[in-house]
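Visitor: Next come the chains, spelled out residue by residue.
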Amino acid sequence: AQSVTQLGSHVSVSEGALVLLRCNYSSSVPPYLFWYVQYPNQGLQLLLKYTSAATLVKGINGFEAEFKKSETSFHLTKPSAHMSDAAEYFCAVSAPGNQFYFGTGTSLTVIP
Amino acid sequence: EAGVTQFPSHSVIEKGQTVTLRCDPISGHDNLYWYRRVMGKEIKFLLHFVKESKQDESGMPNNRFLAERTGGTYSTLKVQPAELEDSGVYFCASSQDRTGLETQYFGPGTRLLVL
Numbered sequence: 004a005q006s007v008t009q010l011g012s013h014v015s016v017s018e019g020a021l022v023l024l025r026c027n028y029s030s031s032v033p034p035y036l037f038w039y040v041q042y043p044n045q046g047l048q049l050l051l052k053y054t055s056a057a058t059l060v061k062g063i064n065g066f067e068a069e070f071k072k073s074e075t076s077f078h079l080t081k082p083s084a085h086m087s088d089a090a091e092y093f094c095a096v097s098a099p100g101n102q103f104y105f106g107t108g109t110s111l112t113v114i115p
Numbered sequence: 385e386a387g388v389t390q391f392p393s394h395s396v397i398e399k400g401q402t403v404t405l406r407c408d409p410i411s412g413h414d415n416l417y418w419y420r421r422v423m424g425k426e427i428k429f430l431l432h433f434v435k436e437s438k439q440d441e442s443g444m445p446n447n448r449f450l451a452e453r454t455g456g457t458y459s460t461l462k463v464q465p466a467e468l469e470d471s472g473v474y475f476c477a478s479s480q481d482r483t484g485l486e487t488q489y490f491g492p493g494t495r496l497l498v499l
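Residue numbers (our numbering), protein chains in the order written: chain A, 4 to 115; chain B, 385 to 499.
The set of hints was computed from the structure by calculation and includes no laboratory data. Remember, it's a predicted structure, so these values are computed and weren't measured experimentally. Cβ atoms here follow ideal geometry from the backbone N, Cα and C, with glycine treated the same way. Treat the hints with care, as some may be off.
As the list claims (entries may be wrong) - Now the in silico label distances, taken between C-beta atoms and shown as ranges: (1) A:Ile114 <-> B:Lys399: 20 to 26 Å; (2) B:Thr487 <-> A:Leu59: 17 to 23 Å; (3) A:Val32 <-> B:Thr404: 35 to 41 Å; (4) A:Glu74 <-> B:Thr487: 23 to 29 Å; (5) B:Leu450 <-> A:Gly11: 33 to 39 Å; (6) B:Gly455 <-> A:Ala57: 28 to 34 Å.
So that you can see chain A by itself, here it is in the shape it has in the complex (with noise of 0.2 Å):
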């Protein structure tokens, strides 16, 4: 079976400052991972997937997350956050079958 597990619902850093949110996930065949975002108002937007090939993702807007296995883990990172970052991620994992199983999503705010 698969699940997600996203610590911290709200997670607020000051702007510049190094942008960390947790995701683990369970999985019993070898995970696709993925990390959304949604601004508000929006529909859900691919900032970047894991798909097994190189373990540190890049995606969108400076964001990169590692895929680490033996801590089931697949943490979202930016270096340096800006006033635009703030919105809800989520990490999901895909399933055989193309189900997505998401996390309950992390709040981000960005103290100017």
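For this one, chain A is given, so just place chain B on it according to the hints.
Guide: Below, chain B alone, put in the same frame as chain A:
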């Protein structure tokens, strides 16, 4: 290229009424998915169409929910009769293939409030 669109963006109805949500996937995408997010909880899978066929409807909460995709293009999700616990955001997504490797593209969601 147009993205996934959903209509309406918001719907407020009374308990016992019927609501129909519509999703138009990206042109050429055979796979269409419905998800729901109840406030504060995770986004949960409802069902998956491949063209006009239901591939997986294991996430449908109960028989008050009916999804259709006639002709393999747009899809509708009807809730009849609506209950208070049906409130939430309903997302639609589409993708080209069914392997699980393909990115799913999401629409903006329909925010449903049942009073």
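Visitor: Could you tell me whether the CB distance from Val32 of chain A to Thr404 of chain B stays inside 35 to 41 Å?
Guide: 36 Å, holds
Visitor: Does the Cβ distance between Gly455 of chain B and Ala57 of chain A fall inside 28 to 34 Å?
Guide: Given about 40 Å between the Cβ atoms, the range is violated.
Visitor: Within 17 to 23 Å or not, the Cβ separation of Thr487 of chain B and Leu59 of chain A?
Guide: 19 Å, holds
Visitor: How does the Cβ-Cβ distance of Leu450 of chain B and Gly11 of chain A compare with 33 to 39 Å: does it lie in that range?
Guide: Holds, at about 37 Å.
Visitor: Please check whether Glu74 of chain A and Thr487 of chain B have a Cβ separation lying inside 23 to 29 Å.
Guide: 25 Å, holds
Visitor: Taking the beta carbons of Ile114 of chain A and Lys399 of chain B, is their distance inside 20 to 26 Å?
Guide: 41 Å, violated
In the structure shown, a violation is registered for the earlier hints numbered 1, 6, in ascending order.
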